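Chain order of the listed sequences is A and B. If you count by the working numbering, then the first sequence holds residues 1 to 631, one letter each, in order. If you count by the working numbering, then the second sequence holds residues 632 to 738, one letter each, in order.
No false leads were mixed into what you were given.
Below, a list of computed lysine-lysine pairs in the DSS-like style, where the Cα atoms sit at most 27 angstroms apart:
| # | chain 1 | residue 1 | chain 2 | residue 2 |
| --- | --- | --- | --- | --- |
| 1 | A | 538 | B | 727 |
| 2 | B | 662 | A | 394 |
| 3 | B | 727 | A | 537 |
| 4 | B | 646 | B | 712 |
| 5 | A | 527 | B | 692 |
| 6 | B | 646 | A | 394 |
| 7 | A | 147 | B | 712 |
| 8 | B | 646 | A | 147 |
| 9 | A | 256 | A | 323 |
| 10 | A | 394 | A | 19 |
| 11 | B | 653 | A | 19 |
| 12 | B | 662 | B | 720 |
| 13 | A | 19 | B | 662 |
| 14 | B | 646 | A | 19 |
| 15 | B | 720 | A | 394 |
| 16 | B | 692 | A | 394 |
| 17 | B | 720 | A | 147 |
| 18 | B | 662 | B | 692 |
| 19 | B | 720 | A | 537 |
| 20 | A | 537 | B | 692 |
| 21 | A | 394 | B | 653 |
| 22 | A | 538 | B | 720 |
| 23 | A | 19 | A | 139 |
| 24 | B | 712 | A | 19 |
| 25 | A | 394 | B | 712 |
| 26 | B | 727 | B | 662 |
| 27 | A | 19 | A | 147 |
| 28 | B | 727 | B | 712 |
| 29 | B | 662 | A | 537 |
| 30 | B | 662 | A | 527 |
| 31 | A | 139 | B | 712 |
| 32 | A | 173 | A | 106 |
| 33 | A | 538 | B | 662 |
| 34 | B | 692 | B | 646 |
| 35 | B | 692 | B | 653 |
| 36 | B | 720 | A | 19 |
Everything labelled a hint here was simulated from the structure, so no lab data went into it. What you are looking at is a predicted structure, and each value in this text was computed from that prediction instead of being measured.
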Amino acid sequence: MALLQISEPGMSAAPHQHKLAVGIDLGTTNSLVATVRSAMSTVLQDNHGHALLPSVVRYAPDGSIVVGHEAQAQQSADPINTIVSVKRFMGRGINDIADRAHIPYKFVSNSEAQTAKTLQIETRAGLKSPVEISAEVLKVLKTRAEKSLGGELVGAVITVPAYFDDAQRQATKDAARLAGLNVLRLLNEPTAAAVAYGLDNASEGNFVIYDLGGGTFDVSILHLSKGVFEVLSTNGDSALGGDDFDHRIYCWVLDKVRESNKQLTPLTEGDTRLLLTKARQAKEWLTDNFEAQIVCRLSNGILVDVTLTADQFVEITQHLVTKTLAPTRKAMRDANLDVEDIQGVVMVGGATRMPHIRHAVEDYFRQEPLTNLDPDKVVALGAAIQANVLAGNKSDDDLLLLDVTPLSLGLETMGGLVEKVIHRNSTLPIARAQEFTTYKDGQTAMSIHVVQGERELVSDCRSLAQFVLRGIPPMAAGAARIRVTFTVDADGLLSVSAREQSTGVEAHIEVKPSYGLTEDEITNMLKASFSSAEADKKARMLAEARVNAGAIISSVTAALAADGDLISEAEQNAIKAEVDRLQTIAAADDATAINQAVDALNHATEAFAAARMNASVSHALSGKAINSLEM
Amino acid sequence: MAITLTPTAASRVEKFLANRGKGIGLRLGVKTTGCSGMAYTLEFVDEMQPEDIAFENHGIKIIVDPKSLVYIDGTELDFTKEGLNEGFKFNNPNVKDECGCGESFTV
Numbered sequence: 001m002a003l004l005q006i007s008e009p010g011m012s013a014a015p016h017q018h019k020l021a022v023g024i025d026l027g028t029t030n031s032l033v034a035t036v037r038s039a040m041s042t043v044l045q046d047n048h049g050h051a052l053l054p055s056v057v058r059y060a061p062d063g064s065i066v067v068g069h070e071a072q073a074q075q076s077a078d079p080i081n082t083i084v085s086v087k088r089f090m091g092r093g094i095n096d097i098a099d100r101a102h103i104p105y106k107f108v109s110n111s112e113a114q115t116a117k118t119l120q121i122e123t124r125a126g127l128k129s130p131v132e133i134s135a136e137v138l139k140v141l142k143t144r145a146e147k148s149l150g151g152e153l154v155g156a157v158i159t160v161p162a163y164f165d166d167a168q169r170q171a172t173k174d175a176a177r178l179a180g181l182n183v184l185r186l187l188n189e190p191t192a193a194a195v196a197y198g199l200d201n202a203s204e205g206n207f208v209i210y211d212l213g214g215g216t217f218d219v220s221i222l223h224l225s226k227g228v229f230e231v232l233s234t235n236g237d238s239a240l241g242g243d244d245f246d247h248r249i250y251c252w253v254l255d256k257v258r259e260s261n262k263q264l265t266p267l268t269e270g271d272t273r274l275l276l277t278k279a280r281q282a283k284e285w286l287t288d289n290f291e292a293q294i295v296c297r298l299s300n301g302i303l304v305d306v307t308l309t310a311d312q313f314v315e316i317t318q319h320l321v322t323k324t325l326a327p328t329r330k331a332m333r334d335a336n337l338d339v340e341d342i343q344g345v346v347m348v349g350g351a352t353r354m355p356h357i358r359h360a361v362e363d364y365f366r367q368e369p370l371t372n373l374d375p376d377k378v379v380a381l382g383a384a385i386q387a388n389v390l391a392g393n394k395s396d397d398d399l400l401l402l403d404v405t406p407l408s409l410g411l412e413t414m415g416g417l418v419e420k421v422i423h424r425n426s427t428l429p430i431a432r433a434q435e436f437t438t439y440k441d442g443q444t445a446m447s448i449h450v451v452q453g454e455r456e457l458v459s460d461c462r463s464l465a466q467f468v469l470r471g472i473p474p475m476a477a478g479a480a481r482i483r484v485t486f487t488v489d490a491d492g493l494l495s496v497s498a499r500e501q502s503t504g505v506e507a508h509i510e511v512k513p514s515y516g517l518t519e520d521e522i523t524n525m526l527k528a529s530f531s532s533a534e535a536d537k538k539a540r541m542l543a544e545a546r547v548n549a550g551a552i553i554s555s556v557t558a559a560l561a562a563d564g565d566l567i568s569e570a571e572q573n574a575i576k577a578e579v580d581r582l583q584t585i586a587a588a589d590d591a592t593a594i595n596q597a598v599d600a601l602n603h604a605t606e607a608f609a610a611a612r613m614n615a616s617v618s619h620a621l622s623g624k625a626i627n628s629l630e631m
Numbered sequence: 632m633a634i635t636l637t638p639t640a641a642s643r644v645e646k647f648l649a650n651r652g653k654g655i656g657l658r659l660g661v662k663t664t665g666c667s668g669m670a671y672t673l674e675f676v677d678e679m680q681p682e683d684i685a686f687e688n689h690g691i692k693i694i695v696d697p698k699s700l701v702y703i704d705g706t707e708l709d710f711t712k713e714g715l716n717e718g719f720k721f722n723n724p725n726v727k728d729e730c731g732c733g734e735s736f737t738v
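Next up, chain A with everything else stripped away, as it sits in the complex (with noise of 0.2 angstroms):
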């Protein structure tokens, strides 16, 4: 059973139709997706409840590609294999690569042009280039989504910093393509962060986006109008994060035990992995706690045991917090803007938790930042929003007064049945497409009848246009596909289009379905449908059941004329009298009636269906040598 989500008003999806569409926060540490559900922006997690995907992909020696946790484990086991932080490659020449003497990994440039965006690196499973890598991590992301949701994505969009160029974006998409995701757009990180916060629903502004992440500083000043975000201007340092505070106090720690006179012999690997993480945990601790204290023994039997305050703690960070502030203050002048001319600061990246940033922050611009989101998830989150209203889920805005249609318009299928496309109060302009296909076999035309109004039946509701599609190839009932789309444009213009998807043939005709409806018309249809709806589905059950029995008829038909002498004469004369009962009955009104004659005849035919499959299997076999069979 399908689970449902709750839509917008007027935008449910069809089924099989619906339109999930994720956003994906792709991090040079940590990467996320986040997806809206019922009017409400979620961010997904994995089997074990993680949100975050450290963006880390091992090439394990069994081949096997792993991502995430487990390859952050690895990290320092198998770092030639382990590929971290991979997004500061994507794009990227391998004369781009600055500190390459400190990265681990070994490049290969594929190219000889000094300027190739093209790097690759080597690990045990061959050459890799950072848009494969990358793919990886979207993969894990676009398997986790699907899983969330029960279903295929339509699209997603993917966020970029701000100051990524043509090639970074390039790569980005790419990696998309790569990991099977159709990239409905790329979004600017900060304008993320700003969506997810509903900035976008003031009418202008500047805004500052303040993102420290785990190892890198950005700070971006939007400008926005008329719903569309500008970036002004972008700085940063690409060296500074919120690891640099844990690295502090791991350096302040060091210090304390040398104080306290105890002999520190070397550091092996593990006591400085140790001491960083009970670092990272006196930070976090701090942020709600006034002490943190840090207790833990060495590898050489040093116990190690301080109190850190919150007090101290800011003493020993304060030049990293007032480091930001220069890069801060820069784009700022950039932006040409003063203090006074910011509507509004978003912190983004968990390192903004540490309230002492908090108060730099509020500070600098004298208004308190916007923090109610979780730093970590808010890009994320903003890029579900806004891949939520691309994928075609919300109308594209309250507050535009959108022109909607009057009444559903939709097209005639067999037995008279109105099949609707465009359901009435759909705001415009909008178009919609529904796949048909044939009801006999051979057909190659197709009559398209455009109606207008609420009814089931054809006959009840008013008659747009008429045209017919031509040139289908002839196949059995029920292969063909033809895809039939309403546009209806800003201006009320309906066109319908319809598409046979193997061969491409296409009619086409436009109507305007207003026309000629007065006000009244319009409310009468309305009232008819709704005093008739009792009436309509008994309408309804009978012409789904003439229609089925049409079907069964035509097939049982055509099957006793090419194959009747498979079976004798009494037994055919049996089936035809059958097929002459059900078309009696199929004239008269009885739905269950028809349905219990199809039963009948289905009942009858079965020995007949048996004995021609039998035909047809020894006429494929005959006069073949055993051998020569593909079993």
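Following the hints, position chain B against chain A.
Same frame as chain A, now just chain B:
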């Protein structure tokens, strides 16, 4: 007969409505489409139509148009989790047959 909600569904709807910041209730309906005849719809309601029929259950206003009610009268709406997926489910006593996916049905 009426339309009801399970307590879990009701608390979810309440949360979603609060998060959305507007809306007077929840609309249940059917569309005549899909692989097996009818398909369910589930929408927020900002405005009631004059012909709408309203129910109230666990403090949530449930709104159905008369055309849909004939197909779903007696339905209980539930909220469940299936693996990583979660969402609403119609327990509709009128259903005779469902398509494999349960998104559409016949009465």
